[in-house]
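Student: Chain by chain, the residues:
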Amino acid sequence: GAVVSQHPSWVICKSGTSVKIECRSLDFQATTMFWYRQFPKQSLMLMATSNEGSKATYEQGVEKDKFLINHASLTLSTLTVTSAHPEDSSFYICSARGSSGSQETQYFGPGTRLLVL
Amino acid sequence: RKEVEQDPGPFNVPEGATVAFNCTYSNSASQSFFWYRQDCRKEPKLLMSVYSSGNEDGRFTAQLNRASQYISLLIRDSKLSDSATYLCVVNSLLNDYKLSFGAGTTVTVRA
Chain S
1 GAVVSQHPSW VICKSGTSVK IECRSLDFQA TTMFWYRQFP KQSLMLMATS NEGSKATYEQ
61 GVEKDKFLIN HASLTLSTLT VTSAHPEDSS FYICSARGSS GSQETQYFGP GTRLLVL
Chain C
1001 RKEVEQDPGP FNVPEGATVA FNCTYSNSAS QSFFWYRQDC RKEPKLLMSV YSSGNEDGRF
1061 TAQLNRASQY ISLLIRDSKL SDSATYLCVV NSLLNDYKLS FGAGTTVTVR A
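Top line first, the protein sequences correspond to chains S and C. The opening residue of the first sequence carries number 1 in the working numbering; numbering runs sequentially from there. The opening residue of the second sequence carries number 1001 in the working numbering; numbering runs sequentially from there.
What the hints contain is simulated information worked out from the structure, not anything from laboratory work. Just so we're clear, the structure is a prediction, and the values are computed from it rather than from any experiment. Please note that a few of the clues may not be correct.
Residues from chain S shown here face chain C by an in silico Cβ test under 7 Å; the list is partial [said to hold, decoys possible]:
no.	residue
1	S43
2	L44
3	S73
4	S89
5	I93
6	Q106
7	G111
Ideal Cβ positions, reconstructed from N, Cα and C, are used throughout, including at glycine.
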């Protein structure tokens, strides 16, 4: 399967700080990447679709001014959590579109755990 | 109603046992189906795609029933390393290939 990396894997920060998370596709070009958030014992929730060279598409209820997404190249998308608060503490995971056999699917990065104090 | 629903379990089984579980999906236009595995505090990893005719990958067998809109996963000869949460995932061209995730079924294999 395709390889997707994320950095950093852990972030602990003070309330009000902005945090930037990088997602990279290592061995393929990804015109579309996705950003998810997962709270404990819950399913992944899609936050936004990141499109190379254009604006991200946000899911309903996700504040675009708070979660800034930039997909500046075919291998890199970034998510910036601006003015993070404790309720933003979560597991943030990116993915990139790829193929499994004849079916289109997504390959996930290892995730970033954000803890806002 | 959630788009993908799964029995959360947990399914506690001894090594060597067979365990099976289902998920149901609500969107009849769903086109692609997958099982992902998620270990505790890790990202989901693709376990297998699910094809209409059913398919096997080693000890894992997946089935799709479009008429009843459910997908199943069967694990034979369970290993301790099979302990994980199994996510049922579907996508649809009509949903711009976004994946819809179930909340997961937890399987614990004991020695």
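Student: Quick check: which numbered hints come out false for this structure?
Tutor: 3 and 4
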